[in-house]
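Engineer: Sequence:
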Amino acid sequence: SSFHIRVAVLILICTWLPNCSLAVQELVSIPNSISYLVSQICAQSIEDDR
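My numbering puts the sequence shown at residues 14 to 63.
Think of the hints as simulated: they come from the structure by calculation, not from any bench. All clues stand as given, with none of them false.
What follows is a set of in silico ranges between Cβ atoms, one per label pair, in the way DEER data are often shown: (1) Ile18 to Ser48: 15 to 21 Å; (2) Ser15 to Gln38: 27 to 33 Å; (3) Gln38 to His17: 25 to 31 Å; (4) Ala56 to Leu35: 25 to 31 Å; (5) Leu25 to Ser48: 14 to 20 Å.
Quick caveat: nothing in here was measured; it's all calculated off a predicted structure. From the three backbone atoms N, C-alpha and C, an ideal C-beta is built for every residue, glycine too.
When you get a sec, could you build the whole thing from the sequences and use the hints?
Structural biologist: Below, the structure written as structure tokens:
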């Protein structure tokens, strides 16, 4: 399900970023990457509230 995919991506990011400053730089350099991740988290949160 899309929920499980979102969780898996967040786990990957949380595991990958703390150990690699280059990964952080790459993620931040991608336009709209942070806002996209936040929107995905919020979208799931809104679905849960229904």
